[in-house]
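Same order as they appear, the protein sequences are chains F and P.
For the first sequence, the positions run 2 to 403 when the numbering used here is used.
For the second sequence, the positions run 2 to 403 when the numbering used here is used.
Bear in mind the hints are in silico, worked out from the structure with no lab data behind them.
Keep in mind that the hints are not guaranteed to be accurate.
[Claimed, not checked] Heads up, incomplete: computed chain P residues facing chain F, CB under 10 Å, no partners named:
#1 GLY13
#2 LEU68
#3 ALA141
#4 PRO146
#5 PRO161
#6 GLY168
#7 ILE171
#8 ASN192
#9 GLU257
#10 LEU261
#11 TRP296
#12 LEU325
#13 LEU385
#14 MET389
#15 GLN391
[Unchecked claim] Selected chain P positions facing chain F (in silico; Cβ < 10 Å):
#16 PRO10
#17 MET30
#18 TRP107
#19 GLY144
#20 PHE151
#21 PHE322
#22 PHE359
Where is the CB? At the ideal position from N, CA and C, for every residue including glycine.
2 protein chains.
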Amino acid sequence: MSESARPAPLSGVRVIEISAFVAAPLGGMTLAQLGADVIRIDPIGGNIDYTRWPVTDAGRSIYWASLNKGKRSVTLDLKSPLGQAIATELIASAGILITNLPARGWLSYDNLVRHRPDLIMLRLSGTYDGGAAVDYTVNAASGFPSITGFDERPVNHALPAWDVTAGLYIANGVLAAELERRASGAGQEVNVALSDVMLATVGNLGYIAEVQTNGSTRGPLGNGLYGAYGQSFRTSDDREIMVAVISNRHWKSLGEATGLTEKLAMIGSLLDVDLSTEGGRYHARDAIDAVLRPWFATQSAADAATRLATAGVLQGTFQTFEELVRTDPQCSTANPMMTEIDQPGVGRVLAPRIPLTFDGSPTADAQAAPILGANTDDVLRSVLGTTMEQLADLRARGILAA
Amino acid sequence: MSESARPAPLSGVRVIEISAFVAAPLGGMTLAQLGADVIRIDPIGGNIDYTRWPVTDAGRSIYWASLNKGKRSVTLDLKSPLGQAIATELIASAGILITNLPARGWLSYDNLVRHRPDLIMLRLSGTYDGGAAVDYTVNAASGFPSITGFDERPVNHALPAWDVTAGLYIANGVLAAELERRASGAGQEVNVALSDVMLATVGNLGYIAEVQTNGSTRGPLGNGLYGAYGQSFRTSDDREIMVAVISNRHWKSLGEATGLTEKLAMIGSLLDVDLSTEGGRYHARDAIDAVLRPWFATQSAADAATRLATAGVLQGTFQTFEELVRTDPQCSTANPMMTEIDQPGVGRVLAPRIPLTFDGSPTADAQAAPILGANTDDVLRSVLGTTMEQLADLRARGILAA
């Protein structure tokens, strides 16, 4: 990245975040990673997510540290009118607020907009009609658990996919509203419901129209692909490797890599399917599995991966988080996205910056999460002009942490 | 939405998309849903994703229709220099390009920027170092399959979570670069690798730091929560219901809803854990499961859901896609996010707009996907000023579809 590079894309943008858990903090962190000054305001002692697992032996939340990288942290007694007034001033000064707290009373858009007429407020809620929802409950309704795994028993994802997706929609919402504000001069409230994020994604991936048009959808396919050919295979060293064929070129490569081109071709005549189409390969998947399994059983995962990759087959060996962190080169500073940071209370760890490389206005390397409340005095002094005497008075009154 | 509402946030922004599959099309569709004029350019006959499953009985791709809603469609012979020149002119005119095709030759940033000096080009690739990767192979490396499901066997997600996440990062990348361009006047190339999207998410959720700090992470927990209390339960009518406790209030509510407050409290003494902490409840999860299971076995899912919801417990009954579409009110036009559209070749179906509600500059209701190539003449005439005679000539030469 050259010295003449422009500042990061969101340089000069300030965002206040009053949040907990995954989605809203990820939304704020995404903006911080794009160069915004994101100030997370928490109650003194931290919000409900401050000690969430995983934690270190000393009880420090690795979860919190990972979802709040590169932000500044302010803590206030948010139950007191004076603490609320200070938070309101910070929001009014920044002009952008992200929250997943109930937006009532002082935190309502109607109140805040009186202090900042062009305020952008991005609010995450559970369901569109005011109900409570979290990733686990939204996921149960989504339909995906019913087709995950090897049988009819519903299986939850381990990745909190709806929270992650919602966090990225939040960032998109803020950026779109900011673009619009620069043109119109006006702010607005932007609402997103976690259950709508799920439902929109289900619709965008075709499941709603599929049920309406075809009457039903697929059942669980284990690790197999739907509508194309793909499967996971056990190798001679008891590992499991995923293979995906999403083009005729891949199909040809799979035959070459395994030396099974002729046997695979026989399946077409055997089952009267056209193996030059994705649908044909999907129909013939059990027979294809049967032909390929013995080959994988004779190969180590490393050998299979090399042969498949050399021939141009899409493949990936399943690994644990431990293997990803300890042995996969992409999870090291060899990957320009990754930086070693000193995370207070956690230690020296690898952390990603945003997975977007801006060639003209590069973003910063990964930054540690703040110590809770560490930026309170600085922010109040620099943003609100609070004096040392006033800080001492606020501290004495319990509005700021002792 | 009042008649005096401002136009949608990205009104006036034009984007060219040259793409296939999920991530890049979802990135473009997200911008279209925010109000941008998104023109997808495909080879004549469609790109590799044009017939992807699920399909209708007549072979029309429901997948393609769902991921390209609200775009315009142009088809060109992209292998011919003249087709490439027309695409280049469209890109130069729009000033923003999204692609997941190999950005070589005419489609390279270096070439395109000569035609549009302030071009923003968002390019999705497989891995950061140029390797091939798709959702299935990236997922195998992520670690998540190793903790999904009920045993050590890796289980793939059915939701293409990395593709969805990448699509939303793409939209964020375009919006951030556009904001920066409005300030600096300069464009840039923005790169995102699918494997980096996975790795960044793994890091953001704390798994990398957890392994580095604690030496390991959790194993598979079935449908149980990690670090808190949550579980799925079988009900008397053979359904399965998910319960999540992420606060002390929820824990109290769970006791009240089931009438098991006293028995649950006994577990604290039984196992010497503090049930007023998330970690304590997580440690005691098996005993909590054992106390709760008989209660659920006597309740229908509907009764259990009512009792739990009334008491304030987070809960959700697992349902299939068919149940979601046919019986869940949120998946109907009662939900303001959903619209019935007439999708050419598919029929009348429910479709979502973007799951962000902009109160000041509302976005449009869901729009159908285009018929492949349907906007070619219009776009060439209105954007490039191509004449009817020139269109006829291009058609005669096979640059446009006959």
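Taking the least C-beta to C-beta distance, is P:LEU261 closer than 10 Å to chain F? This hint is violated: P:LEU261 lies away from chain F, its Cβ roughly 20 Å from the closest one there, beyond 10 Å.
Against chain F, is P:GLY13 within 10 Å by beta-carbon distance? holds, 8 Å
Agreement of hint P:PHE151 with chain F interface, Cβ distance less than 10 Å: OK, holds: P:PHE151 within 10 Å of chain F, min 8 Å.
Agreement of hint P:LEU325 with chain F interface, Cβ distance less than 10 Å: With a closest approach of 5 Å, the P:LEU325 hint holds.
Any CB of chain F closer than 10 Å to the CB of P:PRO10? holds, 4 Å
Does P:LEU385 meet its interface restraint, that is, does its C-beta lie within less than 10 Å of any C-beta in chain F? Because about 26 Å separates P:LEU385 from the closest Cβ in chain F, which is outside the 10 Å limit, the hint is violated.
When the least beta-carbon distance from P:TRP107 to chain F is tested against 10 Å, hint result: The hint is violated - P:TRP107 has no Cβ within 10 Å of chain F, the shortest such distance being about 19 Å.
Interface restraint verdict for P:GLY168 against chain F (beta-carbon cut-off 10 Å): Holds, because the Cβ-Cβ distance from P:GLY168 to chain F comes to roughly 9 Å (cut-off 10 Å).
Return the status of the interface hint for P:TRP296: holds when the least beta-carbon distance to chain F is below 10 Å, violated otherwise. Constraint on P:TRP296 not satisfied, violated at 18 Å.
Interface restraint verdict for P:GLN391 against chain F (beta-carbon cut-off 10 Å): With a closest approach of 34 Å, the P:GLN391 hint is violated.
With a cut-off of 10 Å, does the beta carbon of P:PRO161 approach a beta carbon of chain F closely enough for the hint to hold? holds, 7 Å
Should the hint that P:ASN192 touches chain F count as held when the rule is a Cβ pair under 10 Å? holds, 4 Å
The structure does not agree with the numbered hints 9, 10, 11, 13, 14, 15, 18 stated previously, though it agrees with the rest.
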